Structure formats: C-alpha cells, structure tokens
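Engineer: Residues per chain, in single letters:
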Amino acid sequence: MTTLTRSSKQSLNSPASDQALDQARTALGRTSDRVYLDHNATTPPDSAVLTKLSSWALDWGNPSSIHQHGRGPKTRLREARDSVSKMIGASSLETIFTSCGSESNTMAVRGALSALQKKGDPRRHILSSALEHPSLRRTFDALKLEGYDVELVPVDRSGRVNEKDVEARLRPNETVLVSFMLVNNETGVIQPIKEITRAAKTVGALVHTDAVQALGKIKVDVKELGVDYASFAGHKFYALRGAGVLYSARGAPLDPLVYGGGQERHRRGGTENILSIASLGFMCSRSDEVEGRAETIRELRNYFESRVLLEIPEASITCLESPRVASTSSLLLPGTDGETLLMSLDMDGFSVSTGAACSSGSPEPSPVLLAMGLTREEAQCSLRVGLGWSTTREEIELFIETLKRVVTRLRGLRNWHPSPTEEQVS
Amino acid sequence: MNEFSDFVDRSPVGPDGRRRRVLVAMSGGVDSSVAAALLVEQGFDVVGVTMQVWDYTSCDIVEGNGTCCSSLDVDDARAVADRFGFPFYVANCEAKFKATVIDPFVAGYLEGKTPLPCVNCNTFLKFDHLVTRMKELDCDFLATGHYAKIEPGKDGRPMIVTSDDSWKDQTYFLFTIDPSVVPRLMFPIGHLNKSEVRNIAEEKGLLIARKKDSTGICFVGTQGYTNFIESQVGREKLLAGNIRLHPSGEVLARHDGIHGFTYGQRKGLGLATRADRTETESPLFVFKIDPVTRDVWVGEESCLFSTNVTVKDARFLGEIEDGERLKVKIRYAHKGAFARVHRKSSDELEIEFEEPVRSVTPGQAAVFYRESQLLGGGWIP
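Protein chains in written order, with the numbering used here: chain A, 1 to 426; chain B, 427 to 807.
Please keep in mind that the hints were generated in silico from the structure rather than gathered at the bench. In this text the structure is predicted, and so the values were computed from the model without any measurement. Among the clues, some could well be false.
Said to hold, decoys possible - Some residues of chain B that are not near chain A, with every Cβ distance over 12 Å (derived):
1. Ser437
2. Pro441
3. Phe510
4. Ala521
5. Thr549
6. Glu622
7. Gly642
8. Gly650
9. Arg661
10. Glu662
11. Asn668
12. Ile669
13. Gly694
14. Phe731
15. Arg757
16. Ser772
Claimed, not checked - Here are a few chain B residues that face chain A, going by a calculated C-beta distance under 7 Å:
17. Leu498
18. Pro513
19. Tyr515
20. Lys561
21. Glu562
All residues carry an ideal CB built from backbone N, CA and C; glycine is no exception.
Sequences are here, hints too, so could you generate the full structure?
Structural biologist: Now the structure itself:
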C-alpha cells in the first residue's frame with residue numbers, strides 16, 4: 001500500500017478549506033491517502049462547497065411555499081438558476097433543474113418527441129452515435145421498439161464524429177432529432193456539435209447535446225452551439241450529486257417526464273433538491289476559474305502522457321491526435337488486462353477506471369472503444385485516467401511509478417514482450 | 427508446468443513481516459463468507475472477488491437469492507467485505523462461463539448425458555481464471571468456501587483431503603485441479619461442519635447466516651433444468667423419441683426429448699397410465715439414453731447395476747499404482763465403493779468395482795480416494 005505524504009501536497013485550495021475537506025473525508029469514512037484519478041465518473045465536492053453545505057441545508061423549506069419558510073429556498077433556487085444559466089449562456093427561463101444527467105438526457109429526447117407526436121409530427125428518424133451515454137443508448141433502444149428509426153453514425157479511431165457523416169445521413173422531412181455528446185466520457189474527445197447543429201438545422205431537425213462531461217472542463221455556450229437541448233450534471237463539476245440541468249431553448253417542444261406541482265414552470269414536477277442545486281449554482285458562479293484550472297490540468301495530463309509513452313513500452317493514448325478536454329486520458333496498455341490493472345491499482349491506493357462507471361461493478365469491454373473500431377483485446381487493456389482540480393504533480397508522479405510497476409508485473413506474468421519489429425518511437 | 431513451490435509456509439505473516447495476501451472467491455453464500463471472515467481473523471490480508479458468471483437480467487429466471495452469484499448475492503458478498511473492511515471486486519466471467527460451463531451443460535443433456543457443471547466451473551473459472559487473478563493481484567493464496575481440506579502428505583507436500591463434514595464434503599467437484607496449484611489453495615472451512623459454519627456466521631453477525639443452502643445448479647434456478655435447456659436451444663434441437671422397454675424393445679410411450687431424462691430415473695416417465703402393468707410388477711427405471719436413436723430405455727432395477735466402468739480424460743492429484751484398490755465415488759451423493767483402478771492408457775482408466783454399483787451415469791465423474799486423500803478422477807463417457 002502506497003502511503004502518500006500530504007504535507008508536501010500543493011493544494012489549489014486554501015489551507016482552511018483543505019482542512020474542511022479532510023474532515024469531511026474522514027467523516028465519510030474515506031482515507032485521504034488515496035489518489036483519485038477518476039474525475040470523469042464523479043468529482044469530489046469542492047472544499048468550498050463542503051463548507052457551505054450546512055448553510056444551504058438550513059434553507060430546508062419548500063420553495064413552492066407561500067409563507068416565509070419558502071422564501072430562503074426559493075432565493076437559493078433563483079440564484080442557482082441564474083448562475084447556471086449565465087455559465088452555459090442560456091436565459092434562466094431555459095434552464096430546468098433535474099436530478100441527474102441521465103434524467104436530463106431522457107427528458108430531452110422523450111420530452112421533445114412526445115410533444116411533437118402530439119402535434120401530429122410524422123418524422124421518425126433519429127441520428128446519434130454509439131459513443132453516447134447508456135441513458136441515451138437505452139432510450140434509443142426503447143424508441144426503436146416504439147417505431148422510431150434510430151441511425152448511429154459510425155465513428156473511427158479518432159473518436160470524433162465527422163459532421164460530414166452526419167450531414168450525409170440527414171433526411172429532410174424524416175429526421176426529427178439529432179443527438180451527439182459534446183465531450184466523450186471515455187476518451188475526452190470534443191465533438192463538432194456546432195457544425196452538426198448547423199447541418200441538422202438545414203433539414204429542420206431538433207438537436208440535443210449531452211454536455212455532462214463538458215461542464216467545467218471547457219467553455220460551453222448553448223447559443224453558440226445552436227442546440228435546442230443540452231444536458232448537464234453537477235457532480236461532474238465538484239458540486240453534490242442529485243442536481244442535473246436540462247437546457248431547453250425557448251420555443252423548443254418539450255413535454256414533462258415527471259408531472260407534479262408545477263415546479264420548473266410545469267416542465268419538471270417534484271420538490272427541488274435545494275442542497276444539490278445550490279452547490280451546482282455555486283460552482284457555476286466560479287465559471288471564470290474553468291479556463292485557468294483546465295490549463296493546469298492540461299500540463300499535468302500532457303506530462304503524464306509523455307511519461308507513459310516514454311516509459312511503458314508499446315503503451316499508447318487513444319485519440320491522442322483528436323481535440324480533447326484537458327483532463328482525460330484513455331490509455332492502451334498491451335499485455336495487460338484493464339480489469340486486473342484497475343484492481344491492482346486500487347489496492348495500491350489509486351482510483352481509476354476501465355470505462356464508464358458501471359453499477360454492477362463488473363466491467364465489460366467498453367462499448368465506446370469498440371464502436372470506435374478498437375479490437376476487443378485493445379478495449380480490454382484500456383484504462384481511463386481522469387484528472388481533476390485537486391490533482392497534484394506529486395500524485396501523478398506516484399501514479400506513473402505504480403502504473404509502471406504494475407504493468408511490468410502483469411506483463412511478466414503473461415509472458416508478454418514488446419514486439420521486436422516495432423521500434424518504440426516517442 | 428510447476429511454477430509454484432511444493433512447500434509453502436501457510437502462516438499469515440511471512441518471514442519478511444509482510445502479511446500474506448489471500449484472494450477469496452466469494453459467492454455471497456454462508457460458506458465463502460465465513461471462509462473470508464476466518465482468514466481475516468487469522469491475520470491474512472484478504473481480497474474478495476465474486477465472479478459475475480451469468481447475466482440474470484437477460485433471461486426469464488426469477489433471480490434466486492440462494493442460487494450462487496446472482497446480483498443480489500454479489501451485494502451480500504460485498505457487504506461481508508465492507509463489514510471486515512477488505513477490498514472486494516467483481517470479475518466479469520460471463521463469456522468464459524457461457525463457453526465452458528453453460529454450453530457444455532446444454533450440449534451434454536442433448537447427448538443423453540447428465541453433466542456436472544460445477545466441475546467445469548471449478549476447472550475453468552475458480553481454479554484457472556481465479557488462479558491467474560491470484561497471481562496478477564500479487565496474492566499468495568486462493569481460498570474458496572469448499573468443504574475440503576488441505577493437509578501435508580507423507581512427503582510434506584500439500585494434498586486435498588475430504589472435509590470433516592462428510593455429508594457436505596465437496597472434494598468430488600475438485601478432481602480436475604492442477605496439482606501444481608494445490609500448495610496455493612486454502613479451504614478455510616474444511617475442518618468445520620455446516621452447522622458450525624452457520625454458527626460462526628451468526629456470531630460474526632453475517633446476515634446471510636440464515637440464507638438457504640445453494641444446492642442446485644446456480645444458473646438453472648427454480649425453473650428446473652429441462653426448462654432451462656429448452657430456453658437455451660431451439661425446439662428443433664430437442665431429440666424427441668420413444669421410451670422402450672428392455673429387453674423386448676416394446677415402445678411404451680413417446681417422449682419430448684432425451685434431455686428430460688437421467689439414468690436411474692423412476693418418476694416422471696409418463697408410464698403411470700399403462701393399463702397392462704399391474705402393481706405387483708416391479709417398477710421401471712431409465713438405464714440407457716441413446717442420443718442417436720433417441721430411445722430412452724427403461725427396465726427393471728437390475729438393469730441399473732454394473733461392475734466395470736471406463737472413464738476418460740482422467741486427472742490425477744496424486745500417484746496411484748496400477749490396479750490399486752481405491753474408494754470410488756460415481757456421483758456427488760454416492761458414498762463411494764471400493765474398486766480396482768487400472769490404467770488403460772495415459773488418460774483412460776478401467777474401474778472394476780468389488781460390488782456392482784447403481785446407475786453409472788454418462789456425464790458424471792468417477793472420483794477416487796485413498797482413505798481421505800483425493801487422488802483424481804475421470805469422466806464417464
């Protein structure tokens with residue numbers, strides 16, 4: 001077990017907040033000597049979020065109440081909505097709070113199609129890709145059974161959807177919805193949503209983008225992208241779990257998934273989760289930090305990747321040449337097995353993943369990597385490393401050393417040797 | 427291949443002061459949970475793993491908490507790991523399990539056999555896949571909740587011997603283990619009987635203590651194996667035919683498929699209504715299933731007995747002398763009978779029983795013992 005000395009750890013947070021974070025970690029039964037490199041699965045709540053929790057929790061009233069107890073929570077809700085809207089470039093009327101990214105995705109697709117169907121819209125063709133989050137892939141599977149024609153645009157090893165491939169598949173009077181993610185959760189590749197949207201609009205299709213992995217990593221401006229719907233989730237951006245956002249452009253058709261007491265302007269029923277929503281609002285109020293943080297992370301990530309390429313024979317980085325967010329690295333480590341690698345690294349104190357977090361805890365080779373044309377063997381020896389705001393140089397150094405050691409051991413057990421014909425060039 | 431040393435110190439802490447690490451195969455049941463708990467208590471550095479072998483969401487099986495390795499059982503195993511604070515992982519073995527356990531199971535029944543899927547699971551998953559995992563995760567030992575023991579033999583080399591609970595003893599399922607792996611295995615509950623294991627679970631507050639035993643085949647569940655097979659193959663693959671009476675060959679009834687029968691079966695043959703058989707006549711038993719003619723042969727009880735059995739694909743965990751007198755079990759529930767075991771070829775044996783044994787069943791294994799030591803076994807073709 002690797003024990004990290006935190007004394008030398010240079011934190012980006014103030015010492016006082018760091019202490020609060022450590023206290024909170026201890027309260028949650030976590031040891032702070034672990035290195036967390038799975039920020040694409042979820043981010044730890046920011047230390048400033050943790051210090052504000054109790055004050056938000058004290059606004060426990062129902063924001064829909066007319067009496068005084070409703071005032072505080074209502075204000076929290078409005079403030080959060082304003083800062084989220086500002087960060088994504090929307091008007092606050094276009095910002096709907098949900099419970100999570102999956103709900104936002106489902107609501108966008110279901111809500112749009114349901115509203116159009118009611119108006120007698122006959123269009124049934126949907127364009128998407130195999131890179132999407134399961135909440136969309138499974139929704140599309142269900143829609144196929146309901147008579148929709150869902151077409152997945154093929155993607156190559158670049159991990160980037162080509163807008164030309166989307167354009168070629170658009171069908172006037174048939175294509176009703178186009179849905180592509182803004183940032184892929186496994187490779188970090190940024191998709192050309194603006195270009196896709198422009199093409200889709202020429203046939204009058206609605207456009208949704210799953211921007212869950214983009215929030216807090218790159219600048220997101222829904223107006224600039226031109227989409228009708230965009231999904232976000234707070235827990236990928238250092239806020240608490242339990243708050244998602246659906247941006248729905250003014251005038252875009254949208255039926256509710258959850259009917260209720262008129263919350264979110266009758267678009268999403270249910271008493272609002274003020275605590276989570278406030279934390280997301282708070283993080284969005286810090287949107288001006290995003291760029292600087294991303295730069296720091298990019299330097300660390302690039303350093304990490306160059307060391308991996310240099311020191312682990314035949315290692316490669318998936319989608320290295322594609323436009324990527326700063327924090328994500330999808331490693332391909334031949335001669336290993338992602339599942340074993342993950343377990344070994346976990347026991348050594350490092351939290352990483354082999355792909356999307358899966359509730360069963362039993363990873364299959366990533367469908368995203370397979371869809372990009374990686375072989376099953378390649379997908380099985382892939383490892384996803386997700387850096388975050390609190391990741392330090394020291395953590396990266398320790399991780400590289402451990403990764404090298406574990407990979408070498410696993411390769412030794414498998415009698416794997418670098419192929420003699422390919423010379424290592426880096 | 428003998429990559430492991432034959433003599434391994436089994437104390438929880440090595441001479442270098444490092445705690446020895448044990449990978450424990452956890453099904454979520456009482457036995458493997460107690461096995462893990464005992465190792466923690468002894469001071470080993472325990473790592474738990476559950477093999478996810480079957481996607482219970484993709485089939486009609488009502489997920490049975492009580493069969494092994496359903497997703498509810500994974501939760502139970504994880505709860506035990508949380509309780510003691512050791513690392514726990516789920517290993518995805520679905521594809522391997524289908525190829526090495528489910529498919530041969532279904533094929534076996536369609537060949538008129540009564541397969542032993544638990545042996546295949548042990549051969550290809552527990553004592554192969556998990557042995558690899560043990561090495562990869564830098565573990566010194568692999569432990570399971572089997573009722574079996576590891577004891578030093580005369581030469582000091584570890585050997586597998588029967589459990590102290592002769593009723594639960596599971597060494598029958600372990601005959602295919604590679605002998606080179608034995609020094610690295612642990613069966614922490616082998617010296618206990620089932621009620622003692624349950625008591626320990628109660629004492630340690632493991633909530634699974636009252637869970638019922640997983641005696642059935644884990645992936646079949648409550649639906650019965652015939653329904654399971656029918657759910658796995660097309661109707662056209664089922665081999666319907668006649669039930670014939672020995673020795674006349676008279677057709678007594680039609681049947682829907684040979685997969686619905688097993689050797690020694692007496693009930694459920696669909697012969698109850700036959701008018702000309704009186705109650706004084708002796709009952710009929712299945713004693714032969716022919717996948718070529720699709721005939722299921724029934725006859726009087728005496729047809730079931732045989733003295734000589736040839737077994738194939740024999741595996742050995744210890745040396746045997748040609749013609750040695752050993753105790754041989756021909757099915758899990760068989761008490762065992764004495765026989766001379768002759769080598770016919772490198773992997774074929776002729777077993778000559780002292781007294782005729784009942785229902786030697788193709789697809790099952792003949793497993794032999796010298797006193798309590800598991801020596802090996804072979805498949806009944």
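Engineer: Looking back at the hints listed earlier, which ones does the structure fail to meet?
Structural biologist: Per hint list: 4 and 17 violated.
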